[in-house]
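Peer 1: Going down the list, the protein sequences come from chains A and B.
Quick note: the first sequence uses the UniProt record's numbering, first residue 1, plus one each step.
Quick note: the second sequence uses the UniProt record's numbering, first residue 1, plus one each step.
One or more hints might be untrue.
[Claimed, not checked] Chain A stretches covered by chain B per the calculated footprint, using a threshold of three residues with CB under 8 Å from any CB of chain B: (1) 76-83; (2) 211-222; (3) 229-239; (4) 301-315; (5) 318-327.
[What the hints assert, rightly or not] A few chain A residues that don't get close to chain B, going by computed Cβ distances all over 10 Å: (6) G44; (7) K341; (8) V385.
Worth flagging that the hints you see were computed from the coordinates, not collected in a lab.
The beta-carbon is built from N, C-alpha and C at its ideal position, and this holds for glycine as well.
Read off the chains here:
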Amino acid sequence: MRQSASTVSRRALVAGSLALAALGPRAARAEEALRFGMAMPLSGGQATYGQDQVKAAEWAVAAINQAGGVAGRKLEMIVLDTRADPQAGIQAANRLISVDRVPAFVSAWSAVVKAIAPVANDSRTVQLSVGANSADIARLGDYTYTTFPLAAVDITAVANYAARQMGKKRAAVLYINNETGTVAAQIYRDVFAKAGGQVVAYEAYDPRASDWTGPLLKVRAAQPDIVHIQGLVADTPQVIAQMRQLGLTLPVTSYSAVYNPKLIEQLGKAAEGVIATSLAPGVTDSPAVAAYVERWKKEVGREPNGLPYTQYLYDAPYLVAEIYRSLAGKKLALTGENVRKEMIAIRTFDLPLTGKLVINDDHTVTKPVYLMEVKDGRWVQKAVVE
Amino acid sequence: MLTFDTIAQVLWTSFATSTCLVLFAVAFALVLKVNRIFNFAQAGVMTVAFYAAHGAVSGAGLPGWFGCLLALAAAVAASALLEVAGFRSLRRRRATPMFVFIFTLIVSEMVAYLAMLAFGTWPTTIFPSLFWPVTLVGGVAVSAWDLPAIAGMLASLALLAGFLRLAKAGRSMTAVADNPDLAELYGIEKDRVYLVTVVVSGLLVGVGMCLYGSRAQVQPTTAIELMLFAVAATIIGGIGNLWGAALTAVALGIVQNASVLFIPAEWQGFLLYVFLFLAIVFLPNGIRLPERRRGLARRLARVDLAAADGAGPAAAAGPAAATRREA
């Protein structure tokens with residue numbers, strides 16, 4: 001009995017193999033998915049963000065496949081862990097390029113993107129940086145592109161808006177003494193001065209500081225009419241709280257790290273008037289974003305960590321799918337070189353959660369900056385700076 | 001810039017914010033003095049205490065006092081576990097101090113990693129709100145957090161001083177700190193004393209984290225960063241000198257904050273390393289007051305465990321008395 005079953009099984013296997021051979025390579029290819037890679041931190045200190053971003057991209061891939069895939073084929077995303085570590089990032093990129101043979105892959109975190117760039121250039125595989133904002137990313141060679149606006153974009157917008165639209169003349173800049181703070185603070189200072197304002201206090205603080213009385217008293221003594229704080233998500237709410245406690249009720253501007261509902265919860269009325277930037281439309285600007293956030297609440301039980309970043313990650317598979325679809329329509333091979341050429345040729349993409357994206361020749365992107373302000377205990381849109 | 005109000009504000013806020021740092025420094029100095037361990041695993045206990053309070057108050061919506069009690073219980077449990085499962089086992093295997101030190105580093109990193117997996121890296125506080133109401137006293141802003149924090153720190157230190165001087169277990173700690181082998185000859189159970197010491201240290205850490213986490217945001221690695229301050233205060237204050245570590249923590253906090261009025265703020269953090277470097281190179285035994293003033297200082301503020309008087313059972317007083325005779 002056992003032997004019989006085995007014989008039947010062998011016969012079925014041979015028959016199946018013959019049938020497959022008869023159908024030929026075209027049938028095999030029809031089932032073969034179109035692949036792209038995703039190298040993100042799934043473990044380590046940045047995993048909280050990385051995991052949410054990957055989940056957003058997975059939802060997008062599932063939605064694309066549910067809608068028929070790309071030119072009749074499924075889109076497949078191969079996810080590897082970088083731990084937000086450059087060395088692990090290089091290993092992940094090598095695996096995606098050499099083993100999985102993807103023509104394009106998504107990555108994030110400035111240090112990782114920078115480390116991977118030579119590998120992408122050598123292998124002529126497109127690296128799409130989605131979320132890293134170091135200004136250097138625009139200068140990493142022919143095969144690294146970003147879909148995320150780089151650092152200068154939102155800081156320039158907020159500095160210009162403060163000087164020109166809000167009519168502020170005396171700004172104080174308080175920034176964390178690391179790469180995130182120093183570079184952006186310089187941009188703010190230069191743009192604000194160029195727009196006709198004067199930076200009356202320019203104070204750094206230590207990344208490990210837990211008290212900001214000294215720098216804030218210096219700011220108070222300079223008598224500014226607006227304060228720009230360039231810190232991290234951990235310290236900025238505390239700086240604002242202490243600033244209000246010291247009697248500084250001036251308007252405060254900051255950037256995208258501050259734009260989250262937690263700030264209002266932590267500061268209460270002290271958050272009123274805080275202006276932050278967002279590089280993606282919010283729930284009030286787009287029904288698609290509102291539905292997306294609702295889905296998070298329903299399926300995960302919370303909003304995603306770093307909402308705007310996950311919006312960009314959700315859109316990344318759509319961008320890849322459009323390029324692949326275009327190449328398939330032109331019957332061109334799916335290589336890194338062709339993906340790059342096609343992406344530049346298409347140039348303007350209309351994406352579901354972040355809207356219009358234009359890829360510029362200098363490897364930057366053009367996106368509007370949304371200025372958000374805390375009013376009556378919630379974030380409301382103050383202006384859109386194109 | 002250097003107005004009276006500015007100087008008074010910096011001094012007041014620095015003093016208030018140094019309260020939790022004082023408790024961390026004294027907890028570290030206590031274990032170093034009695035158990036002779038550079039206990040970097042204290043960072044792990046701090047992390048456990050914070051997330052216990054955070055989980056209870058912000059997570060489960062329980063009252064703040066309950067969260068703090070839970071933080072104390074969690075810190076005590078974590079400290080006892082550390083002693084029983086870690087340090088005691090290492091002592092039995094006659095591990096070298098360097099090996100024990102490495103063990104404490106591993107524990108602190110391990111707890112930080114576990115906290116990262118369990119709670120993520122998003123900075124959090126015990127209470128949902130970071131903002132404390134402010135009262136202006138003259139030109140100085142006094143927040144509603146300041147006075148309870150100072151009172152909490154002073155009460156904790158007073159209880160510790162009372163415990164060391166009056167309780168039998170406290171005097172046993174003094175004896176073991178002075179000479180563990182001699183204390184054992186007098187019938188003091190060393191392992192029990194070591195356990196009591198880490199538990200007392202855990203309580204101090206629990207109070208400190210309740211204060212710190214109700215004012216500042218905490219991430220899984222925050223406690224590791226705070227440990228540098230505790231180590232600096234212990235070394236500069238004189239290893240084995242509990243109140244020296246406490247006073248140094250206050251002084252370092254004030255100097256670091258006030259320095260911003262004279263130097264660019266980005267050099268603020270560097271100052272701590274400068275002090276630490278100078279202390280290790282030029283004052284390896286910490287800052288010692290001149291002999292004439294030491295008597296008064298000792299009476300007022302300094303309880304040097306090695307010099308604690310022998311009032312109480314002979315078992316506890318014996319080793320300390322022996323040391324005085326040798327001196």
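Peer 1: If you test the structure against every hint from before, which numbers come out violated?
Peer 2: 1, 4, 5 and 6
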